[in-house]
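Position in the sequence shown counted from 1, then plus 93, gives you my numbering.
Derived from the structure by calculation, the hints contain no laboratory data. Even for Gly, the Cβ is constructed at its ideal location relative to N, Cα and C. Please note: incorrect hints may appear among the correct ones.
[Claimed, not checked] Simulated crosslink set (DSS-like; lysine-lysine; CA at most 27 Å straight-line):
id, residue 1, residue 2
1, Lys248, Lys107
2, Lys207, Lys221
3, Lys207, Lys160
4, Lys232, Lys207
5, Lys340, Lys321
6, Lys311, Lys215
7, Lys160, Lys108
8, Lys160, Lys248
9, Lys311, Lys248
10, Lys207, Lys95
11, Lys107, Lys232
12, Lys207, Lys321
13, Lys232, Lys248
[Said to hold, decoys possible] Derived Cβ-Cβ restraints for the label pairs, each shown as a range:
id, residue 1, residue 2, range
14, Arg167, Pro243, 15 to 25 Å
15, Val306, Leu181, 33 to 43 Å
16, Gly224, Ser146, 23 to 33 Å
17, Ala222, Gly246, 35 to 45 Å
18, Thr209, Gly180, 13 to 23 Å
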Amino acid sequence: MKLNFLAAGRLRMKKSIYVASADRNETIDLPVSSALIRHKQGNVLFDTGCHPSVIDDAEGRWGPLAKVMRPMMRAEETLLPSLACTGLRPDDIDIVVNSHFHPDHCGCNQFFRKATIFAHAKEIEAAKAPGADTAGYLKADWDYGHPVDPVNGEKDLFGDSSVVLVPLPGHTPGTMGALVSLDRDGQFLLASDAVSLRQNLDVDAAPRNTWNVEQQMKSFEEVRRIEKSGATVICGHDDAQWQSLRKGGDGYE
94 MKLNFLAAGR LRMKKSIYVA SADRNETIDL PVSSALIRHK QGNVLFDTGC HPSVIDDAEG
154 RWGPLAKVMR PMMRAEETLL PSLACTGLRP DDIDIVVNSH FHPDHCGCNQ FFRKATIFAH
214 AKEIEAAKAP GADTAGYLKA DWDYGHPVDP VNGEKDLFGD SSVVLVPLPG HTPGTMGALV
274 SLDRDGQFLL ASDAVSLRQN LDVDAAPRNT WNVEQQMKSF EEVRRIEKSG ATVICGHDDA
334 QWQSLRKGGD GYE
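Produce the entire structure from the sequences given, and follow the hints as far as they go.
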């Protein structure tokens with residue numbers, strides 16, 4: 094099995110959303126990523142990043158959210174060019190796992206026409222609720238009529254413990270991560286926005302864009318438990334960590 098980290102966008106936001114002590118005018122640049130897992134039973138994408146149209150017209154795609162999340166990427170830093178570096182095309186993807194349905198995590202779902210979508214049942218419910226767009230759920234990103242397989246609790250994706258979906262609610266009602274176990278390079282916990290920045294985990298501080306702080310604190314505890322067992326925690330938007338990872342066609346096994 095192989096794991097490849099893929100660029101899927103880049104955003105500029107107010108740093109104070111993530112770091113309470115930051116000046117209100119200070120900004121922070123955040124990588125947006127996807128992870129390709131190549132298993133003998135199928136190819137999996139964990140998150141699909143930002144839709145490429147936001148490079149030129151973020152407001153047209155995202156509406157008011159474009160004022161909070163400002164796209165800063167070039168076209169080649171979106172998911173489809175990144176995926177091409179691995180030799181795969183969109184139709185080669187069998188499963189898309191969405192950690193949650195915010196538009197920087199499911200924006201390219203539409204391109205994976207042959208894939209089944211896996212998302213937590215509570216996330217599906219939240220995205221379908223009245224007024225969901227005001228909570229950051231945009232139907233144009235997450236709902237393209239794909240088959241959606243709802244996840245409740247942990248889910249062993251292939252039945253061999255190599256890819257286990259782990260509920261990590263708090264950022265949203267149904268945020269989940271994926272624990273990936275590789276033969277050579279060990280375990281990686283793809284934590285998504287359960288740990289947006291490493292600093293949030295280290296100082297036990299939930300970002301301002303957290304849906305439920307109490308659940309977020311419990312998810313931090315679960316992430317630490319998994320990390321103590323030997324897993325490398327991959328944060329959702331930590332630029333320092335992102336720069337340290339092998340990316341594109343240069344992956345992990």
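- Task: Please work out if Lys207 and Lys160 have their alpha carbons no farther apart than 27 Å.
- Result: The given pair, whose Cα atoms are some 33 Å apart, is violated under the 27 Å limit.
- Query: Would the pair Lys207 and Lys95 pass a check requiring their Cα atoms to be no farther apart than 27 Å?
  - Reply: The hint holds at about 21 Å.
- Could you grab the alpha-carbon distance between Lys207 and Lys221 and see if it respects the 27 Å cut-off? 23 Å, holds
- Below or equal to 27 Å on CA atoms is what counts here, so check Lys232 against Lys248. Cα-Cα ~25 Å, so holds.
- Message: Can you confirm whether the C-alpha distance between Lys160 and Lys108 stays at or below 27 Å?
- Response: 14 Å, holds
- Do the Cβ positions of Gly224 and Ser146 conform to the proposed distance bound of 23 to 33 Å? 24 Å, holds
- Item | Pairwise hint evaluation, Lys107 against Lys248, where the allowed Cα distance is 27 Å at most | 35 Å, violated
- Item | 35 to 45 Å as the expected CB spacing between Gly246 and Ala222, which holds or is violated | Roughly 21 Å apart at Cβ, these two residues miss the hinted range, so it is violated.
- Task: Take the C-alpha atoms of Lys311 and Lys215, compute the straight-line distance between them, and say whether it is at most 27 Å.
- Result: 17 Å, holds
- Keeping to a limit of 27 Å between CA atoms, is the pair of Lys311 and Lys248 held or broken? Holds, at about 19 Å.
- Query: Going straight from one Cα to the other, do Lys160 and Lys248 come out at no more than 27 Å?
  - Reply: 36 Å, violated
- Task: Take the C-beta atom of Arg167 and the C-beta atom of Pro243, compute their distance, and say whether it sits inside 15 to 25 Å.
- Result: For Pro243 against Arg167, whose Cβ atoms are near 35 Å apart, the range 15 to 25 Å is violated.
Figure legend: structure checked against the earlier numbered hints; hints not met, in rising order: 1, 3, 8, 12, 14, 17.
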